[in-house]
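**Q** Listed here are the chains, written in short residue letters.
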Amino acid sequence: MPPAVELIDLWWRYPSYGGEGHQYALRGINLRVDEGEFLAIVGPSGAGKSTLCYAMAGVIPHMFSPPYGEEPEHFRGEVRIEGETLTKLEMVEDPSGARRPAFTGRKYAAPTAGLLLQDPENQFLRMDLLHEVAFGAELLGLPEDEIERRVREAMEIVGLGSLFPIAHLVHPSELSGGQKQRAAIASFLAMRPRILILDEPTSDLDPMGKLEVMGAIDRLRREHDLTIILVEHNPEVIMRHADRVAVMDNGEVVAVGGVEEIYSDPDLLRGHGLYPSDVSRIGQEAGLRYGGRIPISVEEGLEALRRERPDFSRVEPDGEPARGEPVIEVEGVHYWYEDGTYALRGVDFRIHDGEFVGLIGQNGSGKTTISKLIAGVYGRFKGRGDIRVMGASLRDRRVAERVPLHVGYVFQNPDHQIFMRRVYDEVAYGLRNLRLPSGEVDARVREALERVGLSHKVDEDPVFLSRGERRRLTVASIIAMRPRVLIVDEPTTGQDFRMTEDIMSLLSQLNREGSTVIVITHDMSMVAEHLRRVIVMHFGVVVYDGPTRGFFSDEGLLRSLSMSPPMAVKLSHAYRRSVDPSAPVLISVREWVAALKGGARASPGRPGAAARGPAGGRRGYGASPDRSGYTFTFSPCPASTSANSSMASRGARSTSGSLGALYTVYRWTSSGPTRERASAMALASSIP
Amino acid sequence: MGAGISEAGRRLEKTRVRTFLYSMRIGTPVERLHVITKVVLMLTLSTLALHMFNIPVERGGPDLVGLALLLLIVVALLGAARVARYLVTSYLVLALPVLLGIFVWWLYFNRGLPGPRMQLYLWPGYVPLGLSTVVLAAALAALYLRARSVPGPLAAALILWWLSLMPPALDESPMTSWARIPLGAAVAVDVPRWALVVAVAKVLGFAVMIYSTFLLLLTTRDAEVAGALRQLGVPYRASFYASLVFRNLDTVMADYTNIRNAQVARGAMVARRGPLARLADLARISVPLVASMIRRSVEMGIALYARGFYSATRITEYRERRPFTYVDWAVVALLAALAVFDVVLGYRFDSMLRLAGYG
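As given, the protein sequences belong to chains A and B, one line each in that order.
FYI, the numbering for the first sequence is 8 to 695, going by this note's numbering.
FYI, the numbering for the second sequence is 49 to 407, going by this note's numbering.
The following block holds chain A by itself, in its conformation from the complex (with noise of 0.2 Å):
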């Protein structure tokens, strides 16, 4: 039986037009993908994977036509599908007898392979539902009843069937991430694909996409026995789905074994800047085995952890709270947008001085449009409740206007926050808004470019920046402008292991230099191993707002939200429930280390910042601090609380009035206990 995919010594440059010419992106891939395998393919960001997705597509080099005659200096080898030639570049005869370069095969991998991109928004192409799922059965040319019966079938495999009626009435924008993403793997399965090729699928989603897209997947795999090809970052998600894992870097494909052989070896991983899981580096660092080698799931971690004898004293307690004035104070915020969209309903929070905290929640949940409203990007606070930046209401005009002075705003996506043609430009614009003398402009943005180590680029085009550079460049804009607040948005989406490591050292050391610092983020390892304090958001609502430990603890709340918490969390609770259940939850790599060999004292959190009172000297609204009796006694919530939490994810996502779970709120507050508990059927009792 021929194999799905073969690439035979492929090289391939993309055609250049104008400057030097690229590099080569797939520099000799040798690669065999198995009828009925799930390949898993890994790499740094630049590896060249979505290069080399494309190419088993066949969208390189039909795509990106080399130019005329330069054929063999941009394409080499020979991709093959299902054991027909797909793309081979050779000589051919022209009409006049001269023989040149020309691509052969059958050009096309569709309707045999479908691929799958990253972005939700650029795969939905018609404007309803329907007509996307059977855009590709359509293109087919099958009869209309075919069609309709495909379309049928292929929305109930990736879970949308309960859609299918009012398909034809659903727009793209009521669809979230997962959903589109789910759609476009629907209009694939329509066409009776064999192979998918799935390029970092869920990198743009929410936790609840993720789910949504890996269920679909896993149910293809299963019950349909497709081949699927998948570009992915964690760890965990491949563990779980893959049968062989293909390490790529620099355009090479640097090694191919199985999950455990490739995931055992954290070293060749981190070598090649990717994730290794939490369980294996726990393993590595603390001389974990199993089976003579490196455990690198929960489950092996588990039996690995039954031979040893963790000393939880070890581990550094949570510090204390930051005590510093409260900087930003959110009472009773309703917030409606203008075409009816009731986003927040009913918000309270406050954010005290040098504090680092996560802000999290499903797409939809109003964490963004809640940092948003304190940033100032929405202007004067229309809605009902209040917000207070330094003391000043965010309801006056003139305080919004000047609000982004104090309050930094980092978007989520580098590209659409760089505006100007060159490095300086970018970091002085927001300093040239403030009307600053140009010698102070000067001294500023040199400074924040060697924050961000970027003062070699400061007459760069932003163009020619990597991604990683540019989140820096952004970075940069923003601490210029010196504000006493900086909200991040979703720093690491789409950022490899070295990327996050260093945008994450960047923002926990101007935590420490005194900026309070708010990340919103899907990222629960990133929350686990760098943030001391969560405010989870859901429906509009603040579902839980206290410490990390605390939130990572529940694991009912957990299920509920549909978020996954970390591996090292995972591990912790199972050595709870299956070896000792007085052990404390351990949440990151570095507790487990801790507990595990002693030598290095975990610090989940920042203590030092707790202690340091309002920064001096800054410019504010004038609002005294709040020193008065702030007192912080978190206790671990029992497991046990866990099993309240019932609501079923789906039924939460579509109708908020099904929330009748209990759900233990934490409120930091500068006096009383921290903990209560509270229905959620309370909080949300402006849900319609």
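Certain hints may be false.
As the list claims (entries may be wrong) - Residues from chain A that keep clear of chain B, each with C-beta distances beyond 12 Å, as calculated:
1. Ile-15
2. Asp-325
3. Glu-508
4. Arg-566
Stated by the list, open to error - Coverage of chain B stretches by chain A, computed from C-beta distances (three or more under 8 Å per stretch; other residues unrestricted):
5. 257–271
6. 296–309
7. 331–340
8. 351–357
9. 366–374
Keep in mind that the hints were calculated from the coordinates and are not lab data.
Heads up, the beta-carbon is just placed ideally off N, CA and C, and yes, glycines get one too.
Once you've looked at the hints, dock chain B against the given chain A.
**A** Frame of chain A, contents of chain B only:
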């Protein structure tokens, strides 16, 4: 198909469907209309309005009753589609000051005879540079210097008061005065007889044009356009590209909002800056916006390639076309009758008004 939509919509509790602008209620008579019918409706009503407010004096002047009737039809349809609320709860409410501006313009500055000809009527006499003008200018300047802004309503009120001080050139008016509004002992605003009729007619006519366009945008789904183009004989690929343009507009608008928000987050609104700086900001948006559009179009091209769009030889149309129902034919017939009465037969709806001596 229309009934099917509403049935399915009710069954799954989906009551509204997204349109070009906002959304409309599923199952209303307007929702059941074909997009071609709605386009014909908008064009016919607008043409009739244009015709009715441009009727010259010798043929009776503007047909106010006819215009009011057209506006009534449009407002009734907006109400029936349950979209009227968007006109007052969104930026569409800006249409009202525009109409007021048209009214003031035609009442005060353009005193020509009814008809298609428009003239700018400036005061032929003099601008009263008296004490009141000096006081007004000084007050406005002081206010601006102190607060760096002048509240809009206050400025409007002061300017209107100042305009009222200017003596109306009654002698220049082609008709005698229709009304005199005394504003003070020696000052009065005179409204020439035709000016009010023309101003009202223009407001009604432009309201018909504006709101019938809103009706089309508020009650038409972008998804319907590709099918309608196919029904008009446009090839599949061309109609698909047209619908892809709408899909792109959707993403471009989202990108634009994100980029503009990023500018605001970096103090674009902090300093009161001149119009040139604001224009420069708008121009700067084009850098990331165009980059984003290029990236999206490349990825959409890849998505099309992956689905076999470029290799397809025989394409099936699956539920693309919406049938033209008897309701559509009835609406088109009604519009045709209106056009015949008004344009061909020259029938006027304001005979009652003319009988009262205003025609």
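**Q** For this structure, which hints from the list above don't hold up?
**A** Nothing - there is no hint that the structure violates, so all of them hold.
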